[in-house]
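Student: One-letter residues, chain by chain:
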Amino acid sequence: MGNDTILHLRNIKKSFGETRVLSGIDLEIQRGEFITLLGSSGCGKTTTLRIIAGLESPDSGQVLLEGEDITELEPNRRSVNTVFQNYALFPHMTVAGNIGYGLKIRKTPKDVIARKVEELLSLVQLEGFGPRMPGQLSGGQRQRVAIARAVAGEPKVLLLDEPLGALDLKLRRQMQLELKRLQKQLGMTFIYITHDQEEAINMSDRIAVMNRGLLEQVGTPNEVYYHPRTSYVASFVGSANILREGQSTFAIRTENVLMNGERECTREAAVLEKSFAGGQLRILFRLPDGQQITASRYGIDADIREGSACRIGWRPEHAVAVADDGQ
Amino acid sequence: MKLQGGKKDRSRWLLLAPMYVFTVLFVIGPILYMFLLSFLQRAEVWGVDFSFTLDNYKRILEPLYLKTFKESFQLAFLSTALVILIGYPYGYFMARMSAAWKKRMMLLIMVPFWTSALIRLYGWIIVFRSNGTLDQVLMGLHITGGPLKLLYTYPAVVVGMIYALLPFMILAVYSSAEKLDWSLVEASRDLGASSWKAFWTVSFPLTLPGLLSGVVLTFIPSMGLFFVADLLGGNKIVLVGSVIQEQLTKGRNQPFAAALSAVLMILTTLMIRLYRSVTGTNKLEGLM
Amino acid sequence: MKQKKWPFVYVGLVTAVTYIPILLTVVYSFNESKISSVWGGFSLKWYGELFRDRDLREALVNSLILAGLTCLCAVVIGTMGAVGMHRKKTRLGDAMATASMLPIMIPEIILGMVFLSVFSLMDLPFGMLTLVIAHTAFSIPYVYSMVSTRLVGMDRSLEEAALDLGAPPFRVFWDVTFPAILPGILSGVMLAFAMSFDDVVISIFVTGPAVNTLPVKIYTKLKTGVTPEINALATVILAVTVLLLALSAVIGRWRHPAERPGADR
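Chains as they are written, first to last, in the working numbering: chain Y, 1 to 327; chain L, 1001 to 1288; chain H, 2001 to 2265.
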């Protein structure tokens, strides 16, 4: 990891009335990286984003942009722009008007704005859409306008608040690739929020997994997937089995569970049920101590009968010790 | 939305100041003054003597004035009831029309709404006066032998009131009925309710807010539209409003007028509160 | 429900009855004879009298000026108030909002009486000043509620987006908030104008000897003696009303294609 920190969150705490939303967030974000805040709803990721943008104020802690303390700086004075979840396009302005808005505020000359808008429109593949009104666009098109508008001012950091949530699956996958391409092309630092781990793994240089107001783990997709530090991270990213034995807790990826004659099958288990989900065959086992283990395989059937007894196991290096989160 | 603490508050107060000042000075203040006045005495020629008295309120309890209040309320109730009967179906049916018809109906309603009430009432004078249009039609059809002296009678005043206030009720009901989710009615029909039952158990309760606004917008003005009674009822129909006006202008008795107004205000406010607590709504639809 | 006929019949009937007096007024404005019930032939003489009637002309101008000034005051005070209240909900704010609504919640006669007394007490000259104050008092609620409704329905993230992109607070208001509340302001203005122009009761009490508003003038004329001149006046006002309504309908349709509120979901 390079040592070019562009944004530093120091011990950010925030409560809304009685509810403690952020319990001390510490994060250093590198220039030019695509980092995702991943977590389920209510974990505090949106609040964190809004604090970076300046739309909320933390109760304590600091936000440092390129070393400068911007914690109390108004949102309109920060070189940070946001792509809102519902796009928030100005309904009474044209697409060109929306994209050029930030530049207009800065009193950029009209011809420069016009040129920039054209550039951005082709960047997001919406050439010729300038004179249209937001109400005439589809969801995917609006989203691209929102992105173009947010990058127009060349902010130091771009914040994206679950921008793909409202799109259908196919379009979402397409947009994931496009966003990644865009980020590389612009070389801009992207901070992305989502609850979808697939998105996070596909797009990010690093993932910061959040749970109940705290960062549980920050690392590359590989690290987070293969070396989860807590049971929450293990079960949130990819599907994992959480096995509790004595004082320790282990996470075992379902695809790493071996059965029937494959080596390391040292544990007795009863086959509870077979099902097909997410393109994979899933077999649910019950261990003698009552805990359940799921194994996943490609294909639609395996030579195992429901209700029969079986032997399962896993390679020792696949059982990762994790902190028990209660997940 | 975040702005720096102090700046945000200051700009907010700047925005609110004119409205707050105006409201205190020209709404709250005057009404409080009215209550104050009602306990004072009238001065010799004009103006007010600042000596406390309950005479004004005692005077209201005299049979003459009690009668006036009673009659005013009767008229208001009657007018409101009739406006509901005529206006509710109208607004409801309007909401059920196709989009094209809705637009046309809105325009049709808007014309009387925006035209001065005085002028519209004048039309009724033409109709009602002796040998006026109504008489001519009825006599022409040989339904009546001679002129019905309808002008300057109670029914004429009632008609006038209804006429002046109907658009408000219609718009209030329409605004509420338009938002009605028709699929709820269909569901009740599906479960076996007759048209009437479906209306009464689904449509009516859900359009109640509109009806309530309409009642408020009808009842309150009807207590004060003394010029309707004046023009269509002449001297025969005397309402509280007329009395107040008389006391102020001819009688030069501000305190007594204030007492009358205070009582009127309390009574109308009580009525509205009562109605609201019974039906349980608090928003004034139909205005929006 | 299948399309039944009788709702239309009912609505049609009521509408017809509503329009009868209006139509009669118009018809008789062209009546040669002074007595409305007797048709003396077609004539425009009452229109002539109308245009020659200086009192009425003056009253009309007064009413227009009054309505204009009222709208101005009500719009400024009411809109500022609505925007200010929207920023933060406080108990004082709620109380003030309710209080400002009082003028339309109580019978006009009470308002008239109250203003008369207070203006006497303050020793204010009765005339345009007192008229404007009184009219503004009952106009503010309309503007306030119309603008408030628009504010409440407005997407908050739009203002945040403008801030985020670098707009200082007053630009946020001008570029985002104001366009969103503009329809509310216009509705409020129209309503305030109509209410002011049409007001009889309150104006009677707070007007001065020199200033006559049109409704008050008509009222006194109706009480003293009825001439078909009133019919002519009524017809003219009616024509103007219909024209304005038609105009606003056309404008509404013209702006529609370009200005669709973005759903932005």
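The set of hints was computed from the structure by calculation and includes no laboratory data. There may be inaccurate statements among the hints.
Stated by the list, open to error - Under the rule of at most 25 Å between Cα atoms (straight-line distance), these lysine to any residue pairs were calculated in the SDA-like manner:
#, chain 1, residue 1, chain 2, residue 2
1, Y, Lys156, H, Lys2221
2, H, Lys2221, H, Ile2237
3, Y, Lys104, H, Met2105
4, L, Lys1250, H, Met2122
5, H, Lys2088, Y, Arg20
6, L, Lys1102, H, Leu2186
7, L, Lys1070, H, Phe2173
A quick note: this is a predicted structure, and the numbers were derived from the prediction, not measured.
Student: A separate judgement is required for each hint: does it hold in the structure or not?
Tutor: Hint by hint, here is what the structure shows:
| no. | hint | result |
| --- | --- | --- |
| 1 | Y:Lys156 <-> H:Lys2221 | violated (74 Å) |
| 2 | H:Lys2221 <-> H:Ile2237 | holds (16 Å) |
| 3 | Y:Lys104 <-> H:Met2105 | violated (46 Å) |
| 4 | L:Lys1250 <-> H:Met2122 | holds (21 Å) |
| 5 | H:Lys2088 <-> Y:Arg20 | holds (22 Å) |
| 6 | L:Lys1102 <-> H:Leu2186 | holds (21 Å) |
| 7 | L:Lys1070 <-> H:Phe2173 | violated (52 Å) |
Violated hints, in rising order: 1, 3, 7; the structure is consistent with all others.
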